[in-house]
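Keeping their order, the protein sequence lines are chains A and B.
All residue numbers for the first sequence refer to this note's numbering, where the first residue is 1 and numbers rise by one.
All residue numbers for the second sequence refer to this note's numbering, where the first residue is 1 and numbers rise by one.
Just so you know, these hints were derived from the structure itself, not from any lab.
Worth double-checking, as some hints may not be accurate.
[Stated by the list, open to error] Result set (DSS-like, lysine-lysine): computed pairs, CA atoms no more than 25 Å apart in a straight line:
1) B:K42 to A:K68
2) B:K57 to A:K104
3) B:K42 to A:K69
4) A:K42 to B:K78
5) A:K42 to B:K83
6) B:K42 to A:K63
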Amino acid sequence: EDQVTQSPEALRLQEGESSSLNCSYTVSGLRGLFWYRQDPGKGPEFLFTLYSAGEEKEKERLKATLTKKESFLHITAPKPEDSATYLCAVQGAAGANSKLTFGKGITLSVRP
Amino acid sequence: EPEVTQTPSHQVTQMGQEVILRCVPISNHLYFYWYRQILGQKVEFLVSFYNNEISEKSEIFDDQFSVERPDGSNFTLKIRSTKLEDSAMYFCASHGAPPLHFGNGTRLTVT
Numbered sequence: 001e002d003q004v005t006q007s008p009e010a011l012r013l014q015e016g017e018s019s020s021l022n023c024s025y026t027v028s029g030l031r032g033l034f035w036y037r038q039d040p041g042k043g044p045e046f047l048f049t050l051y052s053a054g055e056e057k058e059k060e061r062l063k064a065t066l067t068k069k070e071s072f073l074h075i076t077a078p079k080p081e082d083s084a085t086y087l088c089a090v091q092g093a094a095g096a097n098s099k100l101t102f103g104k105g106i107t108l109s110v111r112p
Numbered sequence: 001e002p003e004v005t006q007t008p009s010h011q012v013t014q015m016g017q018e019v020i021l022r023c024v025p026i027s028n029h030l031y032f033y034w035y036r037q038i039l040g041q042k043v044e045f046l047v048s049f050y051n052n053e054i055s056e057k058s059e060i061f062d063d064q065f066s067v068e069r070p071d072g073s074n075f076t077l078k079i080r081s082t083k084l085e086d087s088a089m090y091f092c093a094s095h096g097a098p099p100l101h102f103g104n105g106t107r108l109t110v111t
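Whenever a hint applies, use it, and build me the whole structure from the sequences.
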């Protein structure tokens, strides 16, 4: 059974204070690892897909990296508008429409 | 930008009643999903749907649940006899090529 563990559960940063969010996973053949952002009362909003170890993707202040066991979401010089819950999910190799397995998420608060 | 739309945004129902949650996926997408999120817990897979049939379902998706694509645009989740533990956010999602795009959910409250 696919499993995703995210840590820490919550993170409070000062504006400009860079940090990293961790996602550890076990999956029977990784088809893709996904990062989503979720604001309160909203659905998950897609950020990145990573497919193989060593891959990196960047978007504004966010950079996602992938190893064979973990993914990191690095946040450089965060702003208050980066405050949200960040979800990590994996898709196994069963098929193009196989389910995503999510972690519990990391709630990030950025203070001005 | 095209988006997945869900109605209603909030539904309150009494235990034992039937509810239908509605979704309009992105128009050229072929794969459709329902996920749910109980307050404070993980987003959990319920069911996937492709080519007018269920592709995969979780243990949660028992005989009380059903899905339907009644026409070319809508995708529905029916819960036949709601229980208190069905209270959750229900998210519809769709994709053509990855990634999965989610709607903003229907908050179902069962009293």
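Hints, verified against the model:
no.: 1; hint: B:K42 to A:K68; result: 23 Å, holds
no.: 2; hint: B:K57 to A:K104; result: 20 Å, holds
no.: 3; hint: B:K42 to A:K69; result: 20 Å, holds
no.: 4; hint: A:K42 to B:K78; result: 21 Å, holds
no.: 5; hint: A:K42 to B:K83; result: 24 Å, holds
no.: 6; hint: B:K42 to A:K63; result: 23 Å, holds
This entry satisfies every hint, going by the numbered hints stated previously.
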